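**Student:** Given the coordinates of chain A, work out where chain B should sit on it, guided by the hints.
Residue strings, one per chain:
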Amino acid sequence: MNRRVEIQFESAARQEHAVQLGMWIFLGSELLLFAGLFGLYTVYRTEYGLEFDAGIHHNQLLLGSTNTVVLIVSSFTVAWALYNVRKDKRDTALAMLGITMLLGLAFLVIKGVEYAHHFSEGVFPGKAYTNLELPGHGARMFFTLYYLMTGLHALHMIGGLAVMGWVTHRVWTRRTNRESHTELHLGALYWHLVDSIWIFLWPLFYLTG
Amino acid sequence: MSESSSSSSGLSYILALVSLLALTGLSFGMHFAPLGGGVGTLVALGIATVKVAIVALVFMELRFGTTPIRVVALTCLSFVALLCLGLAADVGFR
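So the sequences go chain by chain: A and B.
The working numbering puts the first residue of the first sequence at 1, with every later residue one more than the last.
The working numbering puts the first residue of the second sequence at 1001, with every later residue one more than the last.
Bound-form chain A, shown alone:
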């Protein structure tokens, strides 16, 4: 690897390991950020089981499921991009990164369509909630958590898209290549974490009612 070795590391291998470990600690802190919200969901679902079930049935299963497939395929394409950079197949890697970003955008568009549909029904977070079909306090809490958790996830998607755009530019300009591709590896790890969080959000908000 032709990356410059910083003075505090005795070898490139040690530096690479420190970078990887640092990224995993960052991913762990991201996971713990979501853990608080998963904890809140657990409490309110235990408290308002029937109203949470009704909220889950109210959500659009097809759109949520489509988004699950979109993110899983995007996880594969970013992994495939890294695989091809390691094989020095730059064009394939660029194509895979392009598809990854398109899938990320598709996810956000579908999520936007869902939000717009909810807004038209008066399904807003917190005190702004005015839906008459599901009027209970539990339903309001369900949709408040829905917006909090899927909204925070969507913000992470936007961050992931920015990282993918930067990494794609580096691959395009050959600064990220077979010998030096740590940033692509770290960006891919972040993208997979965002995918993994959605893998749990999907059953909690669409499937388990």
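Keep in mind the hints are simulated off the structure, nothing from the lab.
Take the hints with a grain of salt, since some may be wrong.
A short, non-exhaustive set of chain B residues, derived as facing chain A with CB atoms under 10 angstroms [what the hints assert, rightly or not]:
| id | residue |
| --- | --- |
| 1 | H1031 |
| 2 | P1034 |
| 3 | T1041 |
| 4 | V1043 |
| 5 | F1059 |
| 6 | I1069 |
| 7 | V1072 |
| 8 | F1079 |
| 9 | V1080 |
| 10 | G1086 |
| 11 | L1087 |
| 12 | A1088 |
| 13 | V1091 |
Every beta carbon over 10 angstroms from chain B, so not counted as near; a handful from chain A, in silico [stated by the list, open to error]:
| id | residue |
| --- | --- |
| 14 | E6 |
| 15 | V69 |
| 16 | R90 |
| 17 | A106 |
| 18 | E114 |
To give a feel for the contact side, a few chain A residues facing chain B, derived at Cβ under 10 angstroms [stated by the list, open to error]:
| id | residue |
| --- | --- |
| 19 | A35 |
| 20 | L40 |
| 21 | F76 |
| 22 | L82 |
| 23 | R86 |
| 24 | L108 |
| 25 | K111 |
| 26 | T173 |
| 27 | R174 |
| 28 | I197 |
| 29 | Y206 |
Predicted model only: the values in this text are computed from it and were never measured.
C-beta: ideal position from N, C-alpha, C; glycine also.
**Tutor:** Chain B in isolation, oriented as in the chain A frame:
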């Protein structure tokens, strides 16, 4: 660090994708199965856990990770599971 010896093969990526899509289909199908609410939730979360394990082991290459990296990942997941189980037990048995 040489990554060629510590990264997933192309076939393993494809198998992971097929498995993830199959498990997603299974979760979708189970939604319509006449399971009780609690059992259905446990099955769906169980399938989600398997899917995240596949993503972590193959796509994120955790199976090639060093011991410190595995410790970080397992500690975080354990804390999240403990938090959710503890809260559910607290509220459920009040």
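**Student:** Does the nearest C-beta of chain A fall within a distance shorter than 10 angstroms of the C-beta of B:A1088?
**Tutor:** Given a least distance of 5 angstroms, the restraint on B:A1088 holds.
**Student:** Holds or violated: is the Cβ of A:R86 closer than 10 angstroms to a Cβ in chain B?
**Tutor:** 6 angstroms, holds
**Student:** Does A:L108 pass the interface hint, meaning its C-beta sits closer than 10 angstroms to a C-beta of chain B?
**Tutor:** 19 angstroms, violated
**Student:** Any CB of chain B closer than 10 angstroms to the CB of A:Y206?
**Tutor:** 8 angstroms, holds
**Student:** For the hint on A:L82, just tell me whether its beta-carbon gets within less than 10 angstroms of chain B.
**Tutor:** Status holds, d = 8 angstroms.
**Student:** With 10 angstroms as the cut and Cβ atoms as the points, is B:V1072 at the interface with chain A?
**Tutor:** OK, holds: B:V1072 within 10 angstroms of chain A, min 5 angstroms.
**Student:** Against chain A, run the beta carbon of B:G1086 and see if the smallest gap drops under 10 angstroms.
**Tutor:** 8 angstroms, holds
**Student:** Closer than 10 angstroms between Cβ atoms is the bar; does B:L1087 clear it against chain A? Give me holds or violated.
**Tutor:** Because about 5 angstroms separates B:L1087 from the closest Cβ in chain A, which is inside the 10 angstroms limit, the hint holds.
**Student:** Does A:K111 meet its interface restraint, that is, does its C-beta lie within less than 10 angstroms of any C-beta in chain B?
**Tutor:** 17 angstroms, violated
**Student:** B:V1043 was flagged as interface toward chain A. Is the shortest Cβ-Cβ separation under 10 angstroms?
**Tutor:** Hint holds; B:V1043 Cβ to chain A Cβ min 9 angstroms, cut 10 angstroms.
**Student:** Taking 10 angstroms as the cut and beta carbons as the points, is A:V69 off the interface with chain B?
**Tutor:** The claim is violated: A:V69 sits with its nearest Cβ about 6 angstroms from chain B, within 10 angstroms.
**Student:** Decide, holds or violated, for the assertion that all CB atoms of chain B are farther than 10 angstroms from the CB of A:E6.
**Tutor:** 14 angstroms, holds
Hint compliance for this structure: hints 2, 15, 24, 25, 26 and 27 are not met, and every other hint is.
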